[in-house]
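Undergrad: Just so you know, the sequences run in chain order D and B. Quick note on my numbering: the first sequence kicks off at 1 and runs consecutively. Quick note on my numbering: the second sequence kicks off at 1 and runs consecutively.
Any given hint could be a false lead.
[To be verified] Heads up, incomplete: computed chain D residues facing chain B, CB under 8 Å, no partners named:
hint : residue
1    : P256
2    : L260
3    : E270
4    : S393
5    : D394
6    : D422
7    : R423
8    : I424
9    : R448
10   : S467
11   : G485
12   : G486
13   : P488
14   : P491
To be clear, the hints were calculated from the coordinates, so they are not data collected in a lab. The beta carbon of each residue, even a glycine, is placed where N, CA and C say it ideally should be.
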Amino acid sequence: MKLVKNSAGRMVPTQINGEKQIPFMGVGKYVPKGKTTGTPIRSCSEFPADGNKLVKSVKEALIKSGVKDGMTISTHHHLRNGDVVTNMLFDIIHEMGIKNIRWFPSASFPIHSHLIPYLEDGTISRIEGSMNGPLGRFTSEGKMKGIGVLRSHGGRYQAIQDGEVHIDIAVIAAPTADSFGNATGDRGPSACGLLGFALADSEYADKVIIVTDNLVPFPCYPWQIQGNNVDYVVQIDSLGDTTKIVSGTTEVTKSPDRLLIAEYVAKFMEESEIMHDGFSFQAGAGGTNLAFALFLKERMKAKGIKARFIRGGSTKYLVQMLEEGLTDYILDGQTFDLEGVRSMRENANHVNTSPFTSYNYHGKGNFASILDAVVLGATEVDVKFNANVVTHSDGYLLHGIGGWQNCLFSKCTILAIPSFRDRIPVIVDQVTTLVGPGELIDVIVTERGIAINPLRKDLLRKIKNSSLPIRKIEDIYNEVNEICGGTPQKPKFDKSKVVAVVKWVDGTVLDSIFKIKV
Amino acid sequence: MSKEKLKSSAGQRGDKIRSDCNIEIELTNSGGIKIDSKSKVAVMYGDSINNMLMNLCEFFEIKNAKILLEDYGALPFTIAARFETAVRRIYPDLNKSFFSEKIKTKNQNTSKERLRRSRLYLPGNEPKFFVNAGLHKPDGIILDLEDSVSPSEKDAARILVRNALRSVDFYGVERMVRINQLPLGLEDLRFVVPHGVDVILIPKCESTEQIKMVDDEIKMLRAEYNFNNEIYLMPIIESAKGIMDAFEIATASENICALTIGLEDYTADLGTQRTDDGRESFFARSVIVNSAKAAGIQAIDTVFSDVNDMNGLYESVIEAKSLGFEGKGCIHPRQIEVIHKAFAPTEKEIEKAKKIILAFEEAERNGLGVVSLGSKMIDAPVVKRAFNTIKLAILNNLLDENWKEK
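Build out the structure end to end from the sequences listed, making use of the hints.
TA: Dropping the structure here:
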């Protein structure tokens, strides 16, 4: 395999899975021309005039969709770790003896380790999306037949739109749908909130199959997926384990160290004046992020400050801010708890969005860059502010990118992370895998201090007289090494074997993940 | 050395364990050292861990043994402590200790009068709580060898606490150790006194003899190990008899910096129970305050143990402050800020203190022996209290450090 050095200094393949690749050229440097991809012309005359697209089983829908070896089949991850639809889908494909499927999920979860036997026996040749937990380990050990591709949520939309990934069949699990194929995620026994991650699939796949456990008479309104894009509808008993689709309630971290980090983030946002009337921010559902939102809320209330919008993953804490008038809108990308689902259903100012509106490279702008601040996590950050979210310091692939890369475009990107976990340094000299270029990462908040990217002279000026522990990142790095007992050794890779690549938001190849040497 | 057995182990093991390790040592007759290590951080620190184990074997003159390590991300000071504990469990009268590397401590300062508003208890055998404790900025941390350590782990906790005192940066926080009830506690002293402890808490203290015993042991260790940092004592009174002798105890040594109370044991001793309004302990707490003040030392209140009730904590500190207490014990880092806030002086108190200090400094400049404010004479203790108030105000961000220039 031929590897070249890209503009970030990372060795990346020029071809993977038989397809030519463009190495990363720098942030904002790659601007492709031409037309976005289209779908074959459809004719309504080929569909039942009464709108009834019900078929008896997923197997029948697959057969009617012309399933065959080598196809690309997509699923979404709104059912999270409660998803049984994807597992059932591949049970059927396996039983039908179909091979070499490219699975194109918007993300994977530990529950999908069920698919490992199918990766071993060649039913699935590779995953393009995310490889979490056991699937990541499987990939890192070089056991997947093809090369995995990791994309951000926005990058997935981009790849579909510019034809890099052509979806043959999209299987969309829908908590509520009608027989025409209109579907929504905000109601039904398996309600997950929204279905934004399946939007591109519904628009661009050759065949679209809706799988629901809550079939309602036409019309399923309001709809998030339009039936006009749907070929077949299948009713099944259950989409999965509802307790794992959304948690009943999301809980704030109890860890005093994480609470300290969250408090520092909130204080930083106040002192740097990012928190001002009409501002916007994004916070995810990790325990630290939830705590941050609560600390920020206290500060907003104390100062009488109101946000214009907050971007979710929504949780009951963001919903409370909306309902207490601390923000005009929640622009939601996914819903993490039942309160979020309820609010989305009932409150017109709790808006469902998609990777197209929020993150897509091929849009005429997107929401991510409008945000005043975003608070994210990372597995590693290096002294040049480069960050990693997919591999750990032991070299194993364990997580997907999600919307993380896309969020880096906010006006202030804050990583809220511990400086080390047990004896695993998080602040390192060089990240194992480059997922976010340092030039886009502004602030690192750890329990041992806050490091500000020297490129952000404006932020440094703003917090000059702060009581916060502002430190140089090298300082924190040195302290962490001292505590952990010296500079950590690097994992040993087989540098001749790329097992997966990390795409940048524009579709170029940012870094390679190599096979672990055991 | 006499061997009690051929095989031993030390440290915690299990899926939920973090920042600790379990080490098993089995002495063999031949074959050299065989290390079998399973570590969560093998990729990052595998070589360093194996080197360390080899060095430890050499240090303890172990030539033939099977060493089994299950490591959950233990830091070097913990690995060394667990190894030494395992060795001592084979050779109970071992006279060698492997001291972990002593860090260059930053901002280490202690004095008899320093602020002791909050003291955070850390279970002495739980290394995962140690490294970040100082980041939460209590006035002091307490590495506890007593109630939070089970009897079978007392030996392990001592060695771990010793290494923590040497190797963990507590970021300038006062480092206290609660030893076991005497006489067991006297044995603890050898493990902590020469290694940088600032304050020794003496539990279930009820006589001046106990203070003398601790004092004498420290003097002996001082001569043996030749160190010169101050070590203060904080007796914890936890019985009816202790309360009756509180003043004698408070004055039994000039190294006593504070007197405190343990209410669970005290109320049990009375044959009653703790209640929310605390009438059963009002007498005892007042005796503590009065004895401490009479002895010229600090009075420190008991622990507030409901970590979810921050309002209750705040109220309880306000109440303690009104009785004359200057500090409170806590068991969760989130309690620290609440305690400090409650002990913070009011705006009125700060304004008054500022005036007194300015008057005092003026008197000094003019070479006057007597300080007066308006028509009132100001006594030395009032000046001292004013300085304390200002110190607290600055610490709580209620007053600029350079307030005199403004």
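Undergrad: Each hint needs a verdict: does it hold in this structure or not?
TA: For each hint, the structure was consulted:
1. Taken as an interface hint, D/P256 checks out: its beta carbon lies about 4 Å from the nearest beta carbon of chain B, inside 8 Å.
2. A distance limit of 8 Å between C-beta atoms decides the matter here; for D/L260 the minimum to chain B is near 6 Å, and the interface restraint holds.
3. A cut of 8 Å between beta carbons decides the hint on D/E270: the least distance to chain B is about 14 Å, and the hint is violated.
4. A hinted interface residue such as D/S393 counts as satisfied when its beta carbon comes closer than 8 Å to some beta carbon of chain B; here the least separation is about 6 Å, so the hint holds.
5. For the restraint placing D/D394 at the interface with chain B, the shortest Cβ-Cβ distance is roughly 4 Å, inside the 8 Å limit, so the hint holds.
6. Among the interface hints, the one on D/D422 holds; its C-beta lies about 3 Å from the nearest C-beta in chain B, closer than the 8 Å criterion.
7. Interface hint at D/R423: satisfied, since its Cβ lies 4 Å from the closest Cβ of chain B, which is below the 8 Å cut-off.
8. The restraint placing D/I424 at the interface with chain B holds, with a minimum CB-CB distance near 6 Å, inside the 8 Å limit.
9. With a cut of 8 Å, the hint placing D/R448 at the interface with chain B holds, because the nearest CB-to-CB distance is about 7 Å.
10. Evaluation of the D/S467 hint against chain B yields a held restraint, the C-beta minimum of about 7 Å falling below 8 Å.
11. With a least beta-carbon distance of about 4 Å to chain B, the hint placing D/G485 at the interface is held under the 8 Å criterion.
12. Taking 8 Å as the C-beta cut-off, the interface hint given for D/G486 holds, the closest approach to chain B being about 6 Å.
13. Satisfaction of the interface hint for D/P488 is found here, the shortest Cβ-Cβ separation to chain B being roughly 4 Å, below the 8 Å cut-off.
14. Of the supplied interface hints, the one on D/P491 holds, with its beta-carbon coming within about 5 Å of a beta-carbon of chain B, less than 8 Å.
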